[in-house]
Every structure is written in C-alpha cells, then in structure tokens.
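If you want the building blocks of each chain, they are given just below.
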Amino acid sequence: MTDAHSPHGPDDLPRSGNQQGSIDAVDAVTAPAVEVTDLTVAYGERPVLWDIDLALPAGQLMAILGPNGAGKTTLIKAILGLVTPVAGQILIHGQPYAQQRRLVGYVPQRGSVDWDFPTTVLDVVTMGLYGTLGWLRRPGRREKVQAEAALAKVGMSAFANRQISQLSGGQQQRVFLARALVQDARIYFMDEPFQGVDAKTERAIVALLKELRSQGRTVIVVHHDLQTVPEYFDWAMLLNIRRIACGPVAEVFNDENLRLTYGGRVEFLQRKSQPQPAPPERDEPPVGHYGGHIQP
Amino acid sequence: MTQILIDLVTDYTLRTVALGSAALGLVSGALGCFAVLRRQSLLGDAISHAALPGIVLAFLLTGSKTPLVLVLGAALAGWAAALLVMLVVKTTRIKPDAALGLVLSTFFGFGLLLMSIAQRSAGAAQAGLDRFLFGQAASLVGSDLVTMAVLGGVVLILLLVLWKELKLLAFDPDFLVALGLPVRSLDVLLTTLLVVAIVIGLQTVGVVLMSAMLIAPAAAARQWTDRLGRMVLLAGLFGALSGLCGAVLSSIVPHLPTGPTIVLCVTTLTVVSLLGAPHRGLIAVWLRQQRGRRRLQRDAVLADLYHLAAQHAQPDRAPHSARVLRAMGTPAGLNRTLAHLTGEGLVRRTSDGRWRLTLAGVAAGRRLVTEGPTPADREDRS
Chain G
1 MTDAHSPHGP DDLPRSGNQQ GSIDAVDAVT APAVEVTDLT VAYGERPVLW DIDLALPAGQ
61 LMAILGPNGA GKTTLIKAIL GLVTPVAGQI LIHGQPYAQQ RRLVGYVPQR GSVDWDFPTT
121 VLDVVTMGLY GTLGWLRRPG RREKVQAEAA LAKVGMSAFA NRQISQLSGG QQQRVFLARA
181 LVQDARIYFM DEPFQGVDAK TERAIVALLK ELRSQGRTVI VVHHDLQTVP EYFDWAMLLN
241 IRRIACGPVA EVFNDENLRL TYGGRVEFLQ RKSQPQPAPP ERDEPPVGHY GGHIQP
Chain H
1 MTQILIDLVT DYTLRTVALG SAALGLVSGA LGCFAVLRRQ SLLGDAISHA ALPGIVLAFL
61 LTGSKTPLVL VLGAALAGWA AALLVMLVVK TTRIKPDAAL GLVLSTFFGF GLLLMSIAQR
121 SAGAAQAGLD RFLFGQAASL VGSDLVTMAV LGGVVLILLL VLWKELKLLA FDPDFLVALG
181 LPVRSLDVLL TTLLVVAIVI GLQTVGVVLM SAMLIAPAAA ARQWTDRLGR MVLLAGLFGA
241 LSGLCGAVLS SIVPHLPTGP TIVLCVTTLT VVSLLGAPHR GLIAVWLRQQ RGRRRLQRDA
301 VLADLYHLAA QHAQPDRAPH SARVLRAMGT PAGLNRTLAH LTGEGLVRRT SDGRWRLTLA
361 GVAAGRRLVT EGPTPADRED RS
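Same order as they appear, the protein sequences are chains G and H. Quick note on numbering: the working numbering labels position 115 of the first sequence as 115, and the sequence is numbered without any gaps. Quick note on numbering: the working numbering labels position 308 of the second sequence as 308, and the sequence is numbered without any gaps.
Any given hint might turn out to be false.
[Claimed, not checked] Pairwise CB distance ranges, derived in the manner of DEER restraints:
#1 G/Gln195 - H/Asp187: 23 to 29 Å
#2 H/Pro96 - G/Pro47: 38 to 44 Å
#3 G/Gly134 - H/Ser143: 37 to 43 Å
#4 G/Arg138 - H/Leu274: 31 to 37 Å
#5 H/Ser105 - G/Ala207: 54 to 60 Å
#6 H/Arg367 - G/Ala250: 24 to 30 Å
#7 G/Val86 - H/Gln290: 17 to 23 Å
#8 H/Thr62 - G/Gln99: 20 to 26 Å
#9 G/Ala87 - H/Ser105: 18 to 24 Å
#10 H/Leu158 - G/Gln166: 29 to 35 Å
#11 G/Gln195 - H/Gln290: 34 to 40 Å
#12 H/Leu274 - G/Gly111: 22 to 28 Å
#13 G/Glu45 - H/Val150: 48 to 54 Å
#14 G/Ala87 - H/Thr62: 21 to 27 Å
Derived by calculation from the structure, the hints in this document are not laboratory data. Even glycine gets a Cβ: it sits at the ideal position worked out from N, Cα and C.
Starting from the given sequences, assemble the full structure and let the hints guide the process.
This is the structure we're talking about:
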C-alpha cells in the first residue's frame, strides 16, 4: 500500500541518516508517515477540528486546503503538540509523536516571530540544531558548516551575517526553510510557506519540496493557492473543521469536494491545463444546500 | 573627583552601596533583556510590586529581618504573582495587560495592608520594612552584599548555561516545542530568574521603581547592537554603571535618595541611546531620511534638467530658468538642490541667471533617466 504511493521507493528511508533507532525497517515501510485518528481540538467550547482522520504514506507532498478558520494551522499545531487536543491519537511512522520528535521538522508561519529580534540569519538557521545539540553544548564549527550548507540550499548564503530585520518577506521564508532543513527531518510541517513570497521564491520553495520528496521525505504544507495544487502536490486534505476529503490529488481534488469545503465560493475553479479535464463551470451558481455541511 | 575614587575604595558605606547597586544593575539589566524581548516588560513590574506582601509576611511569620528571609518571602510572592498572571491569561478571557494590572494592584494593596498591620502589632521591630517601598541603599550591609552576589551569580550562570534554549524561548517558543524541548519548564525557569533578579534589587531601589531597572537598560542596549549576546552584556553594563553613578551621586549630594537617583541615571542613559545610537537612534534615523530626501530631490531636478536639455541639439548649451523647473513640479528646496548640483559640477549658472547642464551633467542625467534613481548607500550592519 505504502509502496504504491511512493514512486521513489521506501528502501532509501532507513539509510537516510536521521534514524533514531526506535524505528525498525518494517515500520518505516508499512506504517504511514503520519497517522491521525479521531483528532478533535476545541478552543473553549467551539470545536476547531472535529474527528479528523489522516493516514499519509511516506514520501508524499501533501497540501492542507480549506477556507480561513477551517483549522489548517490548528491541525499542524495539534500534531506537533503546540495545542492540546480534546481527543485523538497521533502516530509518526507508527510511534507516538512524543518518541518521534526528532523525525519532525517545522516551518511556522513567517509572521509568528518578531523579526526585529537581535540576531543574525545564520544564528536563526542554527536554531534548527538545538534539539540534537543537547543541553549545555553550544553550536560550534560543525553546526556552523551545517547551517551554512542549508543557507546555500535556499540561496541565502550572502545573507548569513545579516541582521534578520533587514530581510524581505521572501528572504524570511527562506531562512525559516533553511532552519527546517538543518533539522534533517523525515517529515516536515510547513505553515503557509508560500504566503507573501515573490514568484522566484515560490519556484525555489517548490523545487526544494520536490527535492525533499525525492529523498523519501514527507512534507505537509498548509496551502492557499488552489490553482497550483495539482502542480505542486501529490496528496491533498480538504478541511473545514471536519475532513471533507483526503487522498491523492487526482482522486480528491475535484469540484465536488472543493464545493463541500469552500461552500458556494467556487469561482477559482478556472483550471486550464489540469490532468483531469474539468468541465467549464466558472459561473457555477452558489450551491446553498451544501452549506449545511460547513460550519462558519 | 579623585576623592570620590578614594572614598569608593576606603569608605565602607559608600563601597557597600556602590557595589550593591552595581550588582543589582548588572543582574536586572541582563535579565531585563529577555523580559523586554518577550514583550513581558510589565511582568517585572507586577513581580516587584507583588513582592511587598511577601516581604512583610516573611517578617510577620518569622519576626526576622535578615536579608535572606525577606528575599525569600519576596521571591515566593513575586513568583506566585507571575504564575497567577499566566494562569489568569490562560484560563480566562482577560488580556495579558489587564491580568498584569489586576495582579499587580491586588498584591501591592495587600502588601500595604500587611505593612500597616505590622506597624501596629510589631512596633519598633518592624522599623525599616518601609524601605522596600522606594528602596534605601544606605541600609545595605555586608551580609546583604553576600546574598546579592550569590543569588545574582547563580542567575547569571544559569543564563549562560541555558543561553541557546532561553534565546530560542524568547525568539520562537513554538519552534522550541517542535524541537522537543520542555517549553513550560524553561518558561518557569526564566520567570524564576527574573524574580530573583528583581528581589535582589528591592532593598536598594524599592518595589515601585524596580521595573525601570529591568526595562531601561535593555531598551538602551538594544539601540547599540543587533546581537543578543552583546545586548545582554551592554544592558548589564548599563545597569551596573547606573547603579554605580546613582550610589556615588547620592553620596556627594546631600539628601539625594539612592534608588530614585539610580533610576534617573539609567533613564538618562536610555534617552541618550534612543536619540543618539548610530543606526537605530532617532537622530540617525532622521538624518538618514533627510539624506534620502535630498538625494531624491537632486535626482528629480537633474532628471528634469536633462529632459529639458535633451530637446536641444547641444544639450549642454541649453539653459533654462528656475521658473521652468518649478513649473515641472520640482519639489521644495530647488535653490539648495541647484547649488548642490553646481557643487558637483553637473550644473552651471549662466550669466543671465538661468541654469544649464554641463557635459558631465548631461551624462549623469542620461544615466539617471535610463537606470533609475541613485541607490541609497548600502548600510550593512554587523
């Protein structure tokens, strides 16, 4: 099952150098990279995620899609333990997340930190190594080399010693990506990495995502631009508090599911050069009777 | 001047006060950086005000006024207040600033109440407790210094040992969690360090003014550097320097209370830094803006002159009057800009009072029109 969805073969996974020992080869092949069961999250009395299930095979690029307030960021934060779920189980490569933290990399929303913080680009990237570095140890030459390599990968070498407040939005995003790269994780969670970046940076990020996938890594991305979903991603989860659909893009990314996810607002379905020829339904009238599925 | 230096070494009281004030400035300055960067500046204010009931309760319960007992009471109460603020923010819909205000005033009011109870019930034995309100550096003795040095030393050592974790906690706590580091413990630890930094200063500066010793050195230090390490070091130095200056000043000028003087010293430093720091200072920012404005004005006038001259067969022999330039919507300060361009050798004034481009001016104007405005000087900071 897993193999079928992983064109690059799972064989290179156990050798990818970031094994934490707790995973045996069998798990790496059979268990989904991320398995979420019955996840429910509430802020106060209001459920923001309701009974979410997800089983994502390794080596896939998955987009989390949904309107504002659908719980996309919350889903990532719940998996990463940044918000406490009301119910649900989360397995990373077949083991509880708490034991697998080192396998997971994180790219938070760019706006979640103060970019006037007194530190440099290289220093921020090095922060990705703090987890493996351990207590008491300070980043040294080895860590610097690793951080510089990650910066080179995102095309930011020239900015290593720049104070972070001098970066543009796209550069900030690249720095966060570089920080995640040094984590050398097997599963990455990225919260809107394309938000507010220029076309050049977007292309660079997409190339990076595909490179990560070609190394057998799994990447889960909160994404907004529906136009680019078939081009960028293998899997998609359509989310609006509940899971509307989740699976390979070719199977789940269709008008019916998008309508269920976004309600009547389907005017962005101008898919021109897509694998499955979409019927020309730009002027779809609002479909009120679907509204019942969707919480505001 | 030399007499002061001699006194600093030989006069026991001055030496003790100066050392104590410098030590408190060093520790609170360093810790204050983290409070300020985490946008928790007011947490320090709440903690210091909340320490008052702790001090009085510690005295009422033990009957002792030894520094360690009172500091312990202060620390416990300050710590409880900090936790209470976090709890209120977490469990209710009260916003952080309101929660801080609520906890601060409640604890402080309770402290004042306890103080009047102590005054009535304990009589002369409680004398001196009120020095914690506004501080009384002159009351520092050797044993106070030892307490301050030990506690402050522990705080600074822990800060150094956990440097990278605390830095990440201040910059991006979510990422800290994602790395699997114990964010809650680190948060509690940093708050505890803050509490200790505060309580060792209370006897000198007092609960009311203590938060200035946290915020002001950090705000001043941030102006001079873009690195956390240097910022913490500078803030510590600023704090220590202010402590020293305050102690010395109040020993020279009669009836000058030490605590408020220290606070005035540190605010002076902060004002100077806010105004005069090389990159972030208000004066530097203003000058940069002015320079940029003038550069753009110069470019605009040069471009206008070039557009006019380009209509002629010999562009460098085609004078135009200032009125034409004004009509083209040239910005304010035209005369100054023309004088500046003349100084650059790009423009010359003709005998009839009009202006023409020189050959160099024509070339510069063409470059400007084809390549866009002169770029601002690259200001790489490191």
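Results for each hint:
no.: 1; hint: G/Gln195 - H/Asp187: 23 to 29 Å; result: holds, 28 Å
no.: 2; hint: H/Pro96 - G/Pro47: 38 to 44 Å; result: violated, 25 Å
no.: 3; hint: G/Gly134 - H/Ser143: 37 to 43 Å; result: holds, 39 Å
no.: 4; hint: G/Arg138 - H/Leu274: 31 to 37 Å; result: holds, 32 Å
no.: 5; hint: H/Ser105 - G/Ala207: 54 to 60 Å; result: holds, 56 Å
no.: 6; hint: H/Arg367 - G/Ala250: 24 to 30 Å; result: violated, 54 Å
no.: 7; hint: G/Val86 - H/Gln290: 17 to 23 Å; result: violated, 57 Å
no.: 8; hint: H/Thr62 - G/Gln99: 20 to 26 Å; result: violated, 48 Å
no.: 9; hint: G/Ala87 - H/Ser105: 18 to 24 Å; result: violated, 40 Å
no.: 10; hint: H/Leu158 - G/Gln166: 29 to 35 Å; result: holds, 32 Å
no.: 11; hint: G/Gln195 - H/Gln290: 34 to 40 Å; result: holds, 35 Å
no.: 12; hint: H/Leu274 - G/Gly111: 22 to 28 Å; result: holds, 26 Å
no.: 13; hint: G/Glu45 - H/Val150: 48 to 54 Å; result: holds, 49 Å
no.: 14; hint: G/Ala87 - H/Thr62: 21 to 27 Å; result: violated, 49 Å
Hint check: violations occur at hints 2, 6, 7, 8, 9 and 14; the rest are consistent with the structure.
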